[in-house]
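Here is how the chains run, residue by residue.
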Amino acid sequence: MAKKLMKGAEAIGEAAIRAGCRHYFGYPITPQSEIAEYLSRRMPEVGGVFLQAESEVAASNMLFGAAATGTRVMTSSSSPGISLMAEAFSYMVGAEVPAVVVNAMRGGPGLGGILPSQSDYFQATKANGHGDVHFIVLAPASLQESVEHVMMAFPLAEKYRNPVMIVADGLVVQMMESVDFDIVETTDPPDVEDWAATGTKGRRERNLVKSLFLDPLGLEEHNRKLRRKYDEMEENEVRYEEVLIEDDTKLVAVAYGTTSRVVRSVVEELRGEGYPVGLFRPITLYPFAYDRLREISKRDSVKGFMSIEMSTGQMIYDVRLAVQDLKPVGFFGRQGGIIPTPDDVRKAMLQELEKLGG
Amino acid sequence: MSDRFHNEVVFAGFGGQGLLTAGKLLAQAGMAEGLQVAWVPSYGPEMRGGTASCTVVLDSVIVGSPIVPSPMNAVVMNLPSMKKFAPEIKPGGVLVINSSLIEERSDRTDILQVPINCNDIAIEVMGNSRSANMAALGAIVGATDMISYESIETALRNLFAKKPKLVEPNVEILKRGYEIGRAAREKAAQEG
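Protein chains in written order, with this note's numbering: chain A, 1 to 358; chain B, 1 to 192.
These aren't lab readings, by the way, just hints derived from the structure by calculation. Certain hints may be false.
In silico DSSO-like pairs for lysine-lysine, Cα to Cα no more than 30 Å straight-line [unchecked claim]: (1) B/Lys-175 - B/Lys-90; (2) A/Lys-298 - A/Lys-126; (3) A/Lys-3 - A/Lys-126; (4) A/Lys-298 - A/Lys-327; (5) B/Lys-187 - B/Lys-90; (6) A/Lys-126 - A/Lys-303; (7) A/Lys-4 - B/Lys-163; (8) A/Lys-229 - A/Lys-159; (9) A/Lys-159 - A/Lys-225; (10) A/Lys-229 - A/Lys-250; (11) A/Lys-159 - A/Lys-126; (12) A/Lys-126 - A/Lys-210; (13) A/Lys-4 - B/Lys-83; (14) B/Lys-187 - A/Lys-3; (15) A/Lys-303 - A/Lys-355; (16) A/Lys-4 - B/Lys-165; (17) A/Lys-250 - A/Lys-159; (18) A/Lys-347 - B/Lys-165; (19) A/Lys-347 - B/Lys-84; (20) A/Lys-327 - A/Lys-303; (21) A/Lys-210 - A/Lys-250; (22) A/Lys-3 - B/Lys-162; (23) B/Lys-83 - B/Lys-187; (24) A/Lys-298 - A/Lys-225; (25) B/Lys-187 - A/Lys-4; (26) B/Lys-162 - B/Lys-84; (27) A/Lys-3 - B/Lys-84; (28) A/Lys-347 - B/Lys-187; (29) B/Lys-175 - A/Lys-3.
Given only the sequences and the hints, what does the whole structure look like? Please build it.
In structure tokens, the structure reads:
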């Protein structure tokens with residue numbers, strides 16, 4: 001199949017099918033219900049299970065249950081729904097089961113609104129559940145990248161036996177772009193006999209999938225084991241893109257997802273006019289590209305950074321952690337479901353550049 | 001960067017006027033020409049009752065911002081859309097106006113205004129105004145020359161592949177729109 005014009009929600013759903021996902025559990029919520037709608041049609045065609053649960057809590061626990069068998073499973077929701085799923089998310093990390101979760105972020109807090117947002121950054125990167133929990137978090141900026149992220153999320157989740165989250169936003173799931181599934185590698189599910197609850201059939205000791213460790217030393221050992229996995233993720237899975245960060249770049253904008261596309265346009269435009277600006281785009285939000293950003297911050301030419309987000313300022317904390325006090329970190333954001341316009345971003349970046357002495 | 005191709009069109013009107021479809025066809029035609037494309041619907045509270053619109057962005061390298069507050073070109077199918085988008089178009093852009101429903105013209109002189117009686121053309125050809133969107137689509141392609149006529153016709157033929165009776169009348173409407181758009185472009189070029 002060549003390139004196809006598809007809606008984001010459908011591209012994400014189709015990517016899951018092609019990645020070998022055969023179980024989807026969900027509960028509708030705007031703006032991503034079309035993912036479920038698509039899979040409700042598509043799953044039966046490939047002999048998979050599509051199930052609309054009675055609530056997000058139920059859906060996420062079904063996800064946990066199916067994941068415990070080692071099969072490829074996915075759910076999708078949007079911010080308020082993701083909060084409701086957090087309990088099972090924590091259990092899944094504790095029980096070390098792989099799964100894929102898509103969050104099409106919308107404005108919050110509470111029910112907030114239905115338009116695009118990036119205000120779940122803290123939740124996604126640091127608090128997908130209680131108790132020393134991390135998901136690998138992928139932030140696609142285009143539909144082709146969404147497809148790639150969904151398809152690589154399953155093997156990533158299996159590699160670490162840990163859930164992977166894809167954070168998109170309302171725009172990504174509602175828009176149409178061309179996607180090509182054939183250029184994305186597919187993988188076979190790994191052998192899960194050594195840990196998954198697949199039935200012993202009298203051949204071996206039973207496998208136990210659980211997150212309860214009442215013995216404090218046992219739990220501490222478990223926590224350290226999980227930490228070692230996070231260390232490995234931080235070592236191996238950091239992904240980012242640099243756009244026009246060159247020897248003379250003074251101001252480095254940092255943006256991800258939809259926002260990064262707007263910033264990319266502005267950076268290209270400003271560069272064309274001779275302004276020394278560049279864009280750093282984190283592709284994994286966890287693990288975050290601390291090391292690379294710090295390296296860039298040590299360059300003499302670089303005078304400052306600027307985090308641009310659809311929130312009141314969340315990723316900026318990670319940018320500051322990376323840069324520490326070497327260089328100032330400015331901020332520009334829109335909230336409420338409003339995507340910053342190229343004009344907004346242009347003005348903000350020029351102001352920031354001014355502050356840094358032109 | 002000078003030979004980089006980039007274009008943007010907003011399609012706006014009432015819900016039901018087929019604007020999302022017109023935009024989709026343009027995106028498909030652009031894709032067939034090897035361009036990067038993005039189709040962005042207006043979604044959210046404003047979908048109910050007011051104007052429905054979509055934006056199509058075409059680029060030879062990469063579509064950056066899919067959000068385009070000031071588009072290069074616009075197709076407006078009703079008066080509220082005209083009022084909303086005519087002031088926003090970038091200088092030098094094209095405004096296709098459905099003159100069947102909009103008597104007014106924009107007072108801007110730095111854009112090319114292409115009035116076209118989309119509903120009347122559709123009624124003449126098919127007996128109803130349902131395909132007025134195709135006249136408008138033809139007009140914007142003709143007036144901007146951003147993609148070839150052949151590409152947009154192919155996209156339309158593919159859309160109606162399962163409804164063969166609808167193909168030829170829609171192609172005729174598209175073509176009539178295209179000729180009106182092209183004539184307006186050539187006239188403007190002559191006048192410099």
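Structure-based check of each hint:
no. : hint                  : verdict
1   : B/Lys-175 - B/Lys-90  : holds, 26 Å
2   : A/Lys-298 - A/Lys-126 : holds, 26 Å
3   : A/Lys-3 - A/Lys-126   : violated, 36 Å
4   : A/Lys-298 - A/Lys-327 : holds, 8 Å
5   : B/Lys-187 - B/Lys-90  : holds, 20 Å
6   : A/Lys-126 - A/Lys-303 : holds, 29 Å
7   : A/Lys-4 - B/Lys-163   : holds, 21 Å
8   : A/Lys-229 - A/Lys-159 : holds, 10 Å
9   : A/Lys-159 - A/Lys-225 : holds, 14 Å
10  : A/Lys-229 - A/Lys-250 : violated, 36 Å
11  : A/Lys-159 - A/Lys-126 : holds, 20 Å
12  : A/Lys-126 - A/Lys-210 : holds, 22 Å
13  : A/Lys-4 - B/Lys-83    : violated, 34 Å
14  : B/Lys-187 - A/Lys-3   : violated, 37 Å
15  : A/Lys-303 - A/Lys-355 : holds, 10 Å
16  : A/Lys-4 - B/Lys-165   : holds, 25 Å
17  : A/Lys-250 - A/Lys-159 : violated, 39 Å
18  : A/Lys-347 - B/Lys-165 : violated, 52 Å
19  : A/Lys-347 - B/Lys-84  : holds, 23 Å
20  : A/Lys-327 - A/Lys-303 : holds, 6 Å
21  : A/Lys-210 - A/Lys-250 : violated, 50 Å
22  : A/Lys-3 - B/Lys-162   : holds, 21 Å
23  : B/Lys-83 - B/Lys-187  : holds, 25 Å
24  : A/Lys-298 - A/Lys-225 : violated, 34 Å
25  : B/Lys-187 - A/Lys-4   : violated, 37 Å
26  : B/Lys-162 - B/Lys-84  : violated, 36 Å
27  : A/Lys-3 - B/Lys-84    : violated, 34 Å
28  : A/Lys-347 - B/Lys-187 : violated, 38 Å
29  : B/Lys-175 - A/Lys-3   : holds, 27 Å
Against the hints set out earlier in the document, violations occur for numbers 3, 10, 13, 14, 17, 18, 21, 24, 25, 26, 27, 28.
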